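Asker: Those protein sequence lines, which keep their order, are chains A and B. Residue numbering for the first sequence follows our numbering, beginning at 14 and increasing consecutively. Residue numbering for the second sequence follows our numbering, beginning at 14 and increasing consecutively.
Worth flagging that the hints you see were computed from the coordinates, not collected in a lab. Computed from a predicted model, the values in this text were never measured in an experiment. Among the clues, some could well be false.
Since the list gives no way to pick one copy over another, a pair counts as held whenever it fits inside one copy or between any two copies.
[Stated by the list, open to error] The calculated lysine-lysine pairs, modelled on DSS-like cross-linking and capped at a C-alpha distance of 30 Å, are:
#1 K248 to K402
#2 K620 to K696
#3 K402 to K649
#4 K541 to K496
#5 K696 to K649
#6 K649 to K620
#7 K337 to K649
#8 K402 to K100
#9 K288 to K472
#10 K696 to K641
Number of protein chains: 2
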Amino acid sequence: MTKKTKLTRREFVGRAVSAAAVSAVPARSLFGASWRGGAGSPGADWKEEGVLFLDKSPYAKLHNIPVHAVTIAAGFWGARRETNVEKSIPSMEKLLEANGRMNNFLRLAGKSDAAQHGPVYSDSDVYKWTEAVGFALQSGDRPELRAETDAIIKEVVAVQEPSGYLNTYYVGDKAKDRMLPDVQRWGHELYNIGHMIQGAVAYYRATGDRTLLDAGIRFVDGFLLPNFGPGADKKPILSGHPEIEMALIELYRTTGDKRHLDLAGYILQGDERIKLPPHGYVYHFCGIPFTTRTHLEGHAVRAMYACCGATDYYLETGDQTYLKALNVLWGDLVAAQMYVTGGVGARSSGEAFGDSYELPNFTAYGESCAAIGNMMWNWRLLAASGDAKYADVIERALYNGINSGMSLDGTMYCYRNPLGFDPSGGDQIRNPWYDTTCCPPNLERTFASLPGYFYSTSKDGLYVHLYDNSQLDWHLEDGTGLKVAQKTNYPWDGATEITVTPAKPAEFTFYLRVPGWSDGTQVSLNGKAVSGATPGQYLALRRQWAAGDVIRVKFGMTPEVIEANPRVVDDYGRVAVQRGPLVYCLEQLDQPDGVQLFDVSLDLRQKGSSAFHEEFHKDLLGGIVVLKHTGAVGEKSNSLGALYRPYGAEASKGRQVELNFIPYYAWANRAGTPMQVWTPVLKA
Amino acid sequence: MTKKTKLTRREFVGRAVSAAAVSAVPARSLFGASWRGGAGSPGADWKEEGVLFLDKSPYAKLHNIPVHAVTIAAGFWGARRETNVEKSIPSMEKLLEANGRMNNFLRLAGKSDAAQHGPVYSDSDVYKWTEAVGFALQSGDRPELRAETDAIIKEVVAVQEPSGYLNTYYVGDKAKDRMLPDVQRWGHELYNIGHMIQGAVAYYRATGDRTLLDAGIRFVDGFLLPNFGPGADKKPILSGHPEIEMALIELYRTTGDKRHLDLAGYILQGDERIKLPPHGYVYHFCGIPFTTRTHLEGHAVRAMYACCGATDYYLETGDQTYLKALNVLWGDLVAAQMYVTGGVGARSSGEAFGDSYELPNFTAYGESCAAIGNMMWNWRLLAASGDAKYADVIERALYNGINSGMSLDGTMYCYRNPLGFDPSGGDQIRNPWYDTTCCPPNLERTFASLPGYFYSTSKDGLYVHLYDNSQLDWHLEDGTGLKVAQKTNYPWDGATEITVTPAKPAEFTFYLRVPGWSDGTQVSLNGKAVSGATPGQYLALRRQWAAGDVIRVKFGMTPEVIEANPRVVDDYGRVAVQRGPLVYCLEQLDQPDGVQLFDVSLDLRQKGSSAFHEEFHKDLLGGIVVLKHTGAVGEKSNSLGALYRPYGAEASKGRQVELNFIPYYAWANRAGTPMQVWTPVLKA
């Protein structure tokens, strides 16, 4: 164990910390002239970098705006984000401490005698939490939280070894195992560092503090680059849990050091020198060239993170073989592998993608991290293309399969996000802590980073992707200052008023996202109707914009009854209900007394099509629109019926009942109760 | 490692082989007078014992007849059984040898230098194969097979240790681990011995040879009873894979030694001294009192074998708490846990029962061994009750979920028996060998023992359970000789002619099983119609029977369209097709060119109900009735359609196609091709 005081950036650059040469970190100014003209004083570029920093990425059509440029006001996400920063992030800090995750660092510094705690990927819990803090601080300083996080970062970097190596598990007796092929496969050393770099970048972009960022650079430049990579003089790398790829490329975007990008490319290519059994290449989603993949398979989070890294690589290199593979994989995602909630990963066994159309509801895995990975991947594809189909997936995952992962009070988390649930099986679906606690801080970093997903800029204007009460204060890519205010009750109401205020009158295109689910959307500009709104596309409003211009949009939010492709066996003869971006579900406790959830059907026989009654309940589950619809229930509970019987023998569907649907994200926030998204339907 | 020559029974009884007292084995004559008057010369009682020997079991309402009492002639099972004994049993012997299973014994005798081969339960492969031989020989001597098996048995008993312990895995360095709690949990020592005893009993009942039987007794009396059991002076037992329970009780039925029954009772009760984590009691289906169980759960084969043992225990003791628990568990089986094929075990993960109604088709486990366990359990419940509902489950499992486990040529086996299959997933569903080769010899012993399942006797007469061309040559329980001949083309045709020939005119009840699936069954006796045939019951024909009496029965075999309870999500909106005892399926390669299996629906719109065309194809799959029905297929393949879409958007079901159904048991005997049992249905 190495005791080592923190090196400041200056000290570090001036010292050779290992036998291997450590290159000086290129300063941001190496990037050359910026197109930015407005905000951002010289030397404070870190403040201008978004969730991703794509301004210099040659193949990014859209560019991120910084998180601080958007203030989300009271509303749907405002409430969620307040809970996140007031409850979730602080309580997770305490849980990480209580479960020895912080202590793992202290013990290496000789400040604790406690044993190592947690699985091999425990360091990443701390780093992901740090990333959540970083994003939270980008939305405004919180001195106490910052001080605590600064202290944690100090403890982390204090135990980095002179070589740059940093890990609290592969120490002592286990130090000899570092980067052995099997440890690369299962040991998560690079996964941990990937999360450290992501956390460091977010913290740097919040505070300008490079302490953790420099530690990440030291690992990469000091330990990794000199010793690992292609070529006979270096050892091979296997990315047993992809994550380092996207981290290295974001590091490249931050440092400008092309070796970081090239290392990511090398890892995405796979090094034949590390051999896996055939299933290993499937499960780990690494080890063979990413560009040869045609199917999402194996561990879902691994696959999603690998896709993120590969898209990042395309954004920097424009490599068409990557774009082709990414298109094929995305086609597989949306045609055969994604839940209607935007969740992915059908199988509990291996936390994995299943076969095409294998989308069981009750046994669905749909890990929160995998849905987040799906959102992150689509965010990168959206940047590469400007195609609204990716924004549709982002919104679907965000509002449903991700949002379900955190309880409304911000202290309980789903690891699995199934689309059907029967508590009689004994499962506790929400828990405050998991020994593998990847999902909770992942959810926290996602909600904290959310302002960064609302808008993008492009050469010709501004894209709006998400809708909620909010203020944008940023500028166009030509430097023209621009404010945009959204006033809305989205997602409960489709009406949104958007006030566009450029610093001076300017011609540009305002790309207004028309969600794929919307119907009969009406758009007006300064009171005059605008045609051309097409679901699943951006409506391009190009004109000379001036202060006080107002766009009024009303997205059609008629509740929609959705069926799945008949190849999805588990959804056959069943329907899901969606209103706006929200997928709905039935919870037993909202249904009439005596009606068993698994006995009901949605009854479309009466009116020939659906007829939902919408009711806003402000005191229910934080305030939600409840959907009511006529259902049918047999005279006898299905639980009492025969398992097999002649077809049609019990065809009569006795009495009518009123079904009460709630948004899926809000499930399991009251007593344990049966739940389902896909409900049997009786046809007209 | 102990080298030891075989002990003859006489030598063994005369020697104290361990510090513990080994009791002399009570001779069969201790059982007192037999009710048997006819067959069987004195001293040859072993010839009169069936699959189970229940003649002395106080709570058995029905009693087994010996396997040799029924000769199955040419027909459905005749062909299967010929393949079994001519192909499967000999080829499995070679495979067991080639994979080191026999050699594991030889090496302990110093006759081989090869290493131990196979998992901890490898000895059971040999024993289960021996049991298959035992049953095969009960249907007629095969000198060559017998000589080979005698030799194998010699090699087995040669390495039994003086203590009675016998196992080829826990030897040498591993000998110190014997019967440690964790080894009891995972090591299968008693599972192996259970199969040894079952094999020994079958071989004894075939040949009168006690060599292996005495080895089993030596293990129990010499090693187990003195050292393990209740009481502070003995170590506790945990039955990590139930099997020993039913073996001990069959041993008790063979030896009359009540300690064998009591030991089984003790194991079924569970010993609190061995603690498992909570899930352990679920997975292993042991360790807590069997009588506290209310739900089939955990590893399916373990659960089924435990239920067999518990039913055996009830048959001997009449313990009502057992009967009550067994009834609850059986209710769970047929109401919520059994596939329409009679297979059980929904989950691949843990080879386990799922939640109630969790019966996925494509990912179904349905292990061949579990279906066999289901049949064995129901065979015991049938003996306890005489209730035809158990015979219905036996027939369903036998003709479908068991029969599917062996290829038609007798050399390829299914471990899993899913009800839907897509070979594009890469699975090879039938294989000649599995390193865990439990299923193949289990299937072989089942088919070899089949004659023993056709009839039972009761105080008041004879029960016929199964139908096929066959001859019974046995006697009533009062000793009256009785021959029964069946002439039929069952299961392809419901007409069966049954000639009843008592040695002398006698009054008794002939219980004719009317299968639960039958409709409009007609029964005549000597040409005169008999009323009262009720599906799912035995038709009791009590009269003075005389030579030449003829029962003609015609079971209605109209192909039936079956739906599942709507709580079975995976079957919702879908139907299965059954004709007689056979469940049918669709294989892609039987459907019209260009029609994708997963695009078709069974179309019941035209005629309001099903209208199958039946065709016997004598050269297809060994001769089967093919069912043809109109189906519908959309203009566009589902594979090209959107994953989610507005309900009803693609409602039109384009063109008609002719669907060709084959019996499920015959699937996967040609090229790899998609298959499904549950097909979407279009309603009238």
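Asker: Hint by hint, say whether it matches the structure.
Answerer: Results for each hint:
Proximity of K248 and K402 under a CA criterion of 30 Å is satisfied in neither setting, with 41 Å inside one chain copy and 66 Å between copies. Taking identical chains as interchangeable, the C-alpha atoms of K620 and K696 lie at most 30 Å apart whether they share a chain (10 Å) or sit on different chains (19 Å). In this homomeric assembly, K402 and K649 come within 30 Å of each other (Cα to Cα) only across copies, at 23 Å, whereas the closest approach inside a single copy is 44 Å. Taking the shortest Cα distances, K541 and K496 sit within 30 Å of each other inside one copy (21 Å), while across copies they are farther apart (97 Å).
For the homomeric pair K696 and K649, the shortest alpha-carbon distances inside one copy (20 Å) and between copies (22 Å) are both at most 30 Å. Taking the shortest Cα distances, K649 and K620 sit within 30 Å of each other both inside one copy (25 Å) and across copies (29 Å). Taking the shortest Cα distances, K337 and K649 sit within 30 Å of each other only across copies (25 Å), while inside one copy they are farther apart (54 Å). For a Cα distance limit of 30 Å, the shortest separation of K402 from K100 qualifies neither inside one copy, at 34 Å, nor across copies, at 58 Å.
Taking identical chains as interchangeable, the C-alpha atoms of K288 and K472 are never at most 30 Å apart, the minima being 45 Å within one chain and 68 Å between chains. In this homomeric assembly, K696 and K641 come within 30 Å of each other (Cα to Cα) both inside a single copy, at 18 Å, and across copies, at 27 Å.
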